[in-house]
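Visitor: Chains as they are written, first to last, in my numbering: chain W, 1 to 332; chain P, 1 to 147; chain C, 1 to 173.
Simulated from the structure, these hints should not be mistaken for lab results. Careful, some of the hints might be misleading.
[What the hints assert, rightly or not] Now the in silico label distances, taken between C-beta atoms and shown as ranges:
{"hint": "1", "chain 1": "W", "residue 1": "Thr106", "chain 2": "C", "residue 2": "Arg155", "range": "34 to 42 Å"}
{"hint": "2", "chain 1": "C", "residue 1": "Lys142", "chain 2": "W", "residue 2": "Lys83", "range": "52 to 60 Å"}
{"hint": "3", "chain 1": "P", "residue 1": "Asp91", "chain 2": "C", "residue 2": "Phe74", "range": "51 to 59 Å"}
{"hint": "4", "chain 1": "C", "residue 1": "Ile98", "chain 2": "W", "residue 2": "Gln316", "range": "49 to 57 Å"}
{"hint": "5", "chain 1": "W", "residue 1": "Gln187", "chain 2": "C", "residue 2": "Glu113", "range": "19 to 27 Å"}
{"hint": "6", "chain 1": "P", "residue 1": "Glu24", "chain 2": "C", "residue 2": "Arg155", "range": "22 to 30 Å"}
{"hint": "7", "chain 1": "P", "residue 1": "Ala146", "chain 2": "W", "residue 2": "Gln174", "range": "35 to 43 Å"}
{"hint": "8", "chain 1": "C", "residue 1": "Phe74", "chain 2": "P", "residue 2": "Asn21", "range": "25 to 33 Å"}
Glycine included, each C-beta is placed from N, C-alpha and C at the ideal position.
Here is what each chain is made of, one letter per residue.
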Amino acid sequence: MTSLDSTLIISHSDLQQEDSVVLNTAIKLLSLEGVMFRLEDSAPEHAHLLILDDDGQGSRSLLKLSRPGQVKVILSTRHHTGKNVISVVKPLELSSIKSLLKRLFTLMQTQIKKSRQFAENSPQAKPIEPLTDTLFNVLIDTRKQGRVIEVSCDDYPSLYIDGIKHSLATNASQDQLRQIASLALEQLSIRDLSTDNFSVHSNDLTMISLHNFLWSSGIICSQGRLLSGHSIDKPFKLKAWPNFTRHDFKAEYFKLAAILAKNTCSINELQRLSKIPIDDIINFYNAAYAVGIIDDDSITQPTAGSDTRQVPAEKQGLLSRIADRLTLKKYL
Amino acid sequence: MQIINDAITKLTDENNTKSGNQDEIINQALDHVLKDLMAQCENIKGAIISSVDGISCATALHDNLDQNRFSAMSSALLALSDTLMNESHNDLTKNVLIEANAGKIFIMHATDKLLLSVFIDEQANLGLSLAYAKQAIDKIEAILSAL
Amino acid sequence: MDKIIFTGPVGAGKTTAIGSISEIPPVGTDVQCTDESIEIKEKTTVAMDYSYITLEDGTRIHLYGTPGQERFNFMWNILTTGGIGLVILVNKDHPQAIDELERYLDAFSEFIEQTGTVIGLTKCDINKHSTDISMFHECLYKRNQIFPVFEIDARESEDVKTLIHALLAVLVN
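Looking at chain W on its own, in the form it has when it is part of the complex (with noise of 0.2 Å):
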């Protein structure tokens, strides 16, 4: 639908001219109220709303031109019935018109969130763009063909990365390591190494695991966008929950894991069944591909709601309140 904000398009067909004046009346008054209709003549197929008189030539084509969806008012000496059609006997009268499009106005302003609402969440709402060129690229990269690397920039301690044997050797805080996470590309330095020099630089460094940085980065550099290669379609399942203890996470990611650890489905109906936004059911996907627990070899069926265990609402009740009593201080 193409409108102005919160105004709502009128289009209108073979109104006698009595009839015609008592509308704009009951626009003008309307829009004093903050009810914004405007009328239009032409483009009907836009309108919200369609205003017709059952005796006129143009409306019969006017009719068959309506969208399904949208509102005809037909104005008539006998009465009329039909999905989405309203029969208002003539001639109009002010106050009857006005507060049956003051009715309509809110009604349908209701619907047209909704479906903004429904059309933001749902994921054709924007393309998904691929994830290229961060850091977490380089790091599925080096541990994919085994290279050794150092990531150096100014400002922070260097990362020494052994892909072969999944170790990160570092002086950096967990803090410091999702600031490095977040940097762009450019910003950083990135050179081979030897597993000689590895082990010398790494020597005296604390070593963590890989997978816990590649967590890290996946939730940190995604932003929404898919690992390429990776579709929104295709079904998959975990094969392990993610270590949530060592790992940064979202309260999302709770339900996210749950859902996928017991049904197979695509990152797409995973949003519609998990009401959470594609950008972190993206982040989360990405982050659980690069440490190895997204199952999607053996999939051939999605199974999406096929396990039918229903909570009763109560216990929902409890358990929410034990989550909330429990308040996690480490959320991202």
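We have chain W; now place chains P and C onto it with these hints.
Guide: Quick look at chains P and C alone, frame taken from chain W:
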């Protein structure tokens, strides 16, 4: 206590020749204590000495009772009872008494490492049975302190 | 009665984990160890550990810990009756840690089927060469039981709370 000391001396002498397994000596001495207890009163139908963490050390039971399971249950009951007593009276349990129509069971501490559970039938005199059990506990204490 | 049950082998940290999130000093039934457990610790739970947390509306969530030794398995049924979920703690450093986990998954299979479970791996920092978390993942994958497995420090309330959050997610979804 002379009998006990004699028993220990005898057992120790016997076992010294074979590697002197202290646990075995204790267990045999404890078996004697239970036999004596059963012989004292015909209404005592069975008894177990177990460790506080529920491992059976000596038994005088009828066959169809699983001594290991019973030891674990006794220790759980006595530990719960101790916790209850400690929370309410800041004290330890003297005995846990379970009564049913067919008979009674009582569980008591016997030193800080062991406990004694005794089964008596419906005709048994509870006071007398408890007194016999107390004597048995004295013997158990003597065995442990003699080592 | 709404209760969460903590179970697992001797020395996995059940009593400690309950203590780290509970509001009161937990009620225990600790006695001196006389069996092989004495190599791990001096005292052991023989009946149960008990504590609770209170929700905003006053509801109490009771936390029960089972004894670890198999000979106390009669307590397992008693304690799980009416429970809302199970936390299994396993000492990651134990040479047969995977077998230990499977033993508890099997022993509590009926309760897990009806409710849900999460697995906490304790004592992760003691030995670098202890069983890798991926081995636990593999074991669960083979059993087709994709339960949460987290490395935890039973003394850290944040870790134990994370386990409970995962348990709640398993129970709701």
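Visitor: Give a verdict on every hint.
Guide: Verification of the hints:
no., hint, verdict
1, W:Thr106 / C:Arg155: 34 to 42 Å, "57 Å, violated"
2, C:Lys142 / W:Lys83: 52 to 60 Å, "55 Å, holds"
3, P:Asp91 / C:Phe74: 51 to 59 Å, "27 Å, violated"
4, C:Ile98 / W:Gln316: 49 to 57 Å, "34 Å, violated"
5, W:Gln187 / C:Glu113: 19 to 27 Å, "52 Å, violated"
6, P:Glu24 / C:Arg155: 22 to 30 Å, "40 Å, violated"
7, P:Ala146 / W:Gln174: 35 to 43 Å, "60 Å, violated"
8, C:Phe74 / P:Asn21: 25 to 33 Å, "31 Å, holds"
The earlier numbered hints that this structure contradicts are 1, 3, 4, 5, 6 and 7.
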